[in-house]
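S.K.: Sequence:
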Amino acid sequence: MSITETRTVASIIGGQAREGGTRVESRNPANLDELVCEAWLAGADAFADACRAARAA
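Each number in my numbering comes from the position in the sequence shown (counting from 1) with 155 added on.
In short, the hints are calculated from the structure, not lab data.
Computed from a predicted structure; not experimentally measured.
Simulated restraints on C-beta separations:
id, residue 1, residue 2, range
1, V164, C206, 19 to 25 Å
2, A209, V164, 16 to 22 Å
3, D204, R178, 17 to 23 Å
4, T161, A209, 28 to 34 Å
5, V191, Q171, 21 to 27 Å
6, L196, G169, 17 to 23 Å
Glycine included, each C-beta is placed from N, C-alpha and C at the ideal position.
Build out the structure end to end from the sequences listed, making use of the hints.
M.R.: And the structure:
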């Protein structure tokens with residue numbers, strides 16, 4: 156048995172982490188009880204904010 160650290164991934168917009176939207180989990184296929192990663196999928200508002208931040212950069 157091993158211990159795996161769960162990572163959380165989110166968008167970085169304008170240098171700031173942006174959590175919110177839809178959360179998706181990734182599990183170890185050999186052990187479905189083991190959560191490997193969770194990711195936040197940003198929505199349309201975050202996409203528009205990212206476009207504005209990129210244009211301003």
